[in-house]
Amino acid sequence: MEGNKIHKFAKKLWPIDRSITGPGQKKTLSLIKEINKNLKIKKFKSGTKVFDWKIPLEWRIKDAWIKNSKNEKIIDFKKNNLYVVNYSVKIDKKISLADLKKKLFYIKSRPDAIPYVTSYYKKSWGFCIEYNKMKNLKDEIYNVKIDSSFSKGHLNYGEILIPGKSKKEILFTTYICHPSMANNELSGPSLLTFISKWLKKRKNNYTYRILFLSETIGSIAYISENLQRLKSNVIAGFVVSCVGDDRGYSYLPSKNGNSLADRIALKILKKNNIKYKKYSWLDRGSDERQFCAPGINLPVCSVMRSKYGEYPEYHSSDDNLANVVTPKGLNQSFLLYKSIIKEIEKNEFPKSYYSCEPQLGKRDLYPTTSFHNSFSKHQKLIKDFLSYCDGNLYLHEIAKKCKSSLTEIKKINQLLKKKKLVF
Amino acid sequence: MEGNKIHKFAKKLWPIDRSITGPGQKKTLSLIKEINKNLKIKKFKSGTKVFDWKIPLEWRIKDAWIKNSKNEKIIDFKKNNLYVVNYSVKIDKKISLADLKKKLFYIKSRPDAIPYVTSYYKKSWGFCIEYNKMKNLKDEIYNVKIDSSFSKGHLNYGEILIPGKSKKEILFTTYICHPSMANNELSGPSLLTFISKWLKKRKNNYTYRILFLSETIGSIAYISENLQRLKSNVIAGFVVSCVGDDRGYSYLPSKNGNSLADRIALKILKKNNIKYKKYSWLDRGSDERQFCAPGINLPVCSVMRSKYGEYPEYHSSDDNLANVVTPKGLNQSFLLYKSIIKEIEKNEFPKSYYSCEPQLGKRDLYPTTSFHNSFSKHQKLIKDFLSYCDGNLYLHEIAKKCKSSLTEIKKINQLLKKKKLVF
Amino acid sequence: MEGNKIHKFAKKLWPIDRSITGPGQKKTLSLIKEINKNLKIKKFKSGTKVFDWKIPLEWRIKDAWIKNSKNEKIIDFKKNNLYVVNYSVKIDKKISLADLKKKLFYIKSRPDAIPYVTSYYKKSWGFCIEYNKMKNLKDEIYNVKIDSSFSKGHLNYGEILIPGKSKKEILFTTYICHPSMANNELSGPSLLTFISKWLKKRKNNYTYRILFLSETIGSIAYISENLQRLKSNVIAGFVVSCVGDDRGYSYLPSKNGNSLADRIALKILKKNNIKYKKYSWLDRGSDERQFCAPGINLPVCSVMRSKYGEYPEYHSSDDNLANVVTPKGLNQSFLLYKSIIKEIEKNEFPKSYYSCEPQLGKRDLYPTTSFHNSFSKHQKLIKDFLSYCDGNLYLHEIAKKCKSSLTEIKKINQLLKKKKLVF
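Protein chains in written order, with my numbering: chain Y, 1 to 423; chain Z, 1 to 423; chain X, 1 to 423.
Because the hints were derived from the structure by calculation, they are not lab data.
Among these hints, one or two may not hold up.
Because identical chains cannot be distinguished in the list, a pair is counted as satisfied if it fits within a single copy or across any two copies.
[Unchecked claim] Derived lysine-lysine pairs resembling PhoX-like cross-links, with alpha carbons at most 20 Å apart:
(1) 418 <-> 346
(2) 362 <-> 123
(3) 362 <-> 54
(4) 78 <-> 54
(5) 49 <-> 135
(6) 342 <-> 201
(7) 102 <-> 133
(8) 90 <-> 79
(9) 152 <-> 26
(10) 49 <-> 420
In this text, all values refer to a predicted model and were calculated from it rather than measured experimentally.
Next comes chain Y alone, as it looks inside the complex (with noise of 0.2 Å):
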């Protein structure tokens, strides 16, 4: 079950210190690299402006902790790189426990968990802790520290590229800037990974491209870079994220809500008799902010497990490769998302090979004696089929004006694949 090799490699993905750029993301592109050589590790160099923004310095953390009086470390960040509040800056100070309390994150709720808290861009430092442990804290004195620095230096990310048939592109985009966490974020460069592999041994009709990206920075800075070339390539894109869990799955549509992407994770979603939470625009979260923002309006839409902000150990230390990912439901979105590119493959939109009706006869497909109504009905289709293979009809389409069910239009796309008379 490829399920466990994926979750195996998200288990080595696990420890390393991620952020939007620094040492933690270069390591982790490389150990993607060890699956699929084909990726490519790219840099946007710190300052660089892209659109509104600007590439940050690289972060950079050796070590942080809290000690008590008794000088025990309470929060060690060698333990889990959640316990520190990711680019906080440099701090090594004493400190009372109400000063402490306000630096202190936690989540009530879930009162053994760490949260997962940034600042990338205020200066500003902090700790995540167990609601647990720190309404047991003592009113005494606190040593803090955090050994981190800033650097010029790189965002990366990583591009792999799966040429077809075609030069039209297919996209998919994930993360890999969040820390110690298994859905929302080591699910989704976990499985394109093995995605890739699986999809660069395939001879395929459309061009892949993979992308791992810091969340909204680095896609920012990839489309300010590739506008171009996305708006007139790109049919079809989906933003991977949180697809590790098996608990249930979600849809998020993109801003046009009717795209090719869109109606292709529609239709799988159906096909395969998955269940799943329609969301709306309004609940979007991830890459296709950027993906469908004014101006880009790529056609970018999210199939997800539980998505993002919606399951309950979200963005916490309990977002983990023990309880929440699991190679069972890895596997199930590894099996969706071939699913879906199978189906593209498929090409759900035939297009004759030819102008004009083409010769049936010689194909055996229709009547070579022409005789009174001789041809069956099957054959009737067949033409009736080919008479709306313009490329901008989709099966279920063409199977509604042909008066006919899908599964009839389905056989015959298939039948005339085979004959190389529709792609």
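For this one, chain Y is given, so just place chains Z and X on it according to the hints.
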């Protein structure tokens, strides 16, 4: 009555041994040329690739018969060219009744009719026979002979071009490949021959192109050579077939269903209070299959009498000039197509010659003295009408917008044409 | 109250002998220029061809009267310039009552009013007279005199351009060709004079162009010279006529019916709880006839008080500044048009300055620390709003998409404008 002349001309064309190539086609075209010298006889060479097809070898047939053991001709091609499967290969042999029956085509439900059968693209032979004759055949040895040959030659077609003020073209197409059948063959070319004669005597706004083609292969060949021009110039087209009986009317839409040709056809049918059967694109069967095919999509529909495949005599010797096609039927169709042309020539999509309102007063269309509401309702309507003459609205659509009747709007259109305000 | 000033200015314009050309027009424009020096007085030469029309000769009139046999002036142009048919040719002769009556215009239903009559394009002469006066005329010989002349000259028009941040233009047009009438003439130019004065003191987002034209011929001439620019720059326009009485409101749509101008007008009428009569394009009667004509089709509609042709005093001496046009009516219209302009200036069609999402944190619009759902509903709404700022959706349409209220969305629009995120 023009119907008599057309019927007489159809009779002249009747005995010719037509097929999709060969001397019968040339003979047919030369007789049409006698009526309208504007006809140009053109050709495609055998073996020429046209889209997915190849122009076939020329088929010639000298004789064909079946003799019984008493040497009596029980089937004689010279008596009716439908007796032989069109494009049959040469044969000359003795054959048992059992084997003969495998090569016989007949229609049980029309026991005295010879069916029409072809096998253009697969080498084969066969005979068509009356059911009553077939069932009385004795169990003896028969002598079958078909004296046919294949050779490199041409597929011929005829083209009549009648230039008008505008380069925009109205296309009429029909076929000249069926042997002795009346409604589903001769009615089309006979009618269009006389339509073309009538058209060339007129001064026309639009350019008319009339094509006499072999069905399917002829149209495909023509389109493959003329697609660019067809796409840019043809604003409406009609496949003219089955226009000779007097039993009813049929309309078969273009694939688009709402092309200019469709709207013109429907308007004329309505205008003339003609009851007609409305078919769907799925019921198509003639050259609209090519003119509306993927990659072609021209504005071409079909207005017929009893539609091919829908009347009992179809594709048999019963489809004749005595019982099926009548002078009356041909005359009605002649009137109908004249009516269509006249309607086109009326410029149903009025376009103002001027930007802004034209000056109506100096043309006696509006009071020159402006005194309260001294203009009449009619004068007001003229202004309303003109305000909609963008060249993309049909008279009845303008009528609706003006809350007026089509009659009234037509009068105004005529008036303003005369006044050189719209065209 | 601005209405008083506008009314006073209208009084100043009242006695001028206006026509579609001539000194009255120049005089009118020079008085407008006294209020707003930005006005440029421009002209078209007599005889200039403009689309289907020709700029007419200039008409000048010194005096005109009818004297009875006792040499008493029973009609005196100097008392009211409506007494003479506008563009009357020179005449000086004795005439019987019977013949005189053929040249008299009167309104039986308004027995004490002088009608307004013109004959611009056909050489003619005539007098307009009160019905009560006419019916008491004795059967005697009258002396009629019109001291008018025609000469090569100009059609004048006024143009005020108030540039804004954007080159996109809002167009206001009115006419300056009717003699002493109040609602259906002076209300328009008087109002726009003061609107222009108010506009030029503002810093505007959009460019405003205000045109004082002879109705019909002036607009046609202007359009013929400026069509290219009008087509590319004008995003909304309004024909400002009949805006002086205080009896009700009217809205006459553009030909398209759903142009930006229409939507702005309807939004403001609704916003101000104004009850109005909605006319149709068929009820049009002023320069929207030209601005929305075939080949022109600009986004121009009309918001009026009592519409021309629909109030009893229309086109007569009863349409005066005492009983019809009131300071209150003018003031209400002034407020309404200010309201329309203010709404336009609010940029109802927000467009993001940035591709992709802008960085909200650095602008204090979003938490800089990302901790669970630490963003507020309001902050979420900001992001939703921004995602729809493609520049083609109206605030209320965005509100609907965001499932928010217009009030809320307007607040956000204002906020983001201030933050230079949308314009």
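### Message
For residue 362 and residue 54, with the copy left unspecified, which applies at a CA distance of at most 20 Å: within, between, both, or neither?
### Response
between (62 Å within a copy, 11 Å between copies)
### Homo-oligomer pair classification [residue 79, residue 90; C-alpha up to 20 Å]
Cα proximity of residue 90 and residue 79: one copy only (19 Å, versus 92 Å across).
### Query
Within a copy, between copies, both or neither: where do residue 78 and residue 54 come within 20 Å Cα-Cα?
This pair counts as neither: shortest intra-copy Cα distance 30 Å, inter-copy 76 Å.
### Task
Please work out whether the CA atoms of residue 362 and residue 123 approach to 20 Å or closer within one copy, between two copies, in both situations, or in neither?
between (73 Å within a copy, 11 Å between copies)
### Task
Could you figure out if residue 49 and residue 135 sit no more than 20 Å apart (CA to CA) within one copy, between two copies, both or neither?
This pair counts as neither: shortest intra-copy Cα distance 43 Å, inter-copy 85 Å.
### Message
Reference check for the pair residue 418 and residue 346, CA-CA at most 20 Å: within, between, both, or neither?
### Response
Within one copy, since 11 Å is at most 20 Å while 50 Å is not.
### Message
My question is about residue 152 and residue 26: at a cut-off of 20 Å on alpha-carbon distance, are they close within one copy, between copies, both, or neither?
### Response
within (15 Å within a copy, 70 Å between copies)
### Message
At most 20 Å between CA atoms: does that hold for residue 342 and residue 201 within a copy, between copies, both, or neither?
### Response
within (13 Å within a copy, 61 Å between copies)
### Query
Given a CA cutoff of 20 Å, do residue 49 and residue 420 count as a within-copy pair, a between-copy pair, both, or neither?
between (48 Å within a copy, 17 Å between copies)
### Task
State whether the alpha carbon distance between residue 102 and residue 133 is at most 20 Å within one copy, between copies, both, or neither.
Classified as within: same-chain Cα gap 15 Å, cross-chain 93 Å, threshold 20 Å.
The structure shown violates the earlier hints numbered 4, 5.
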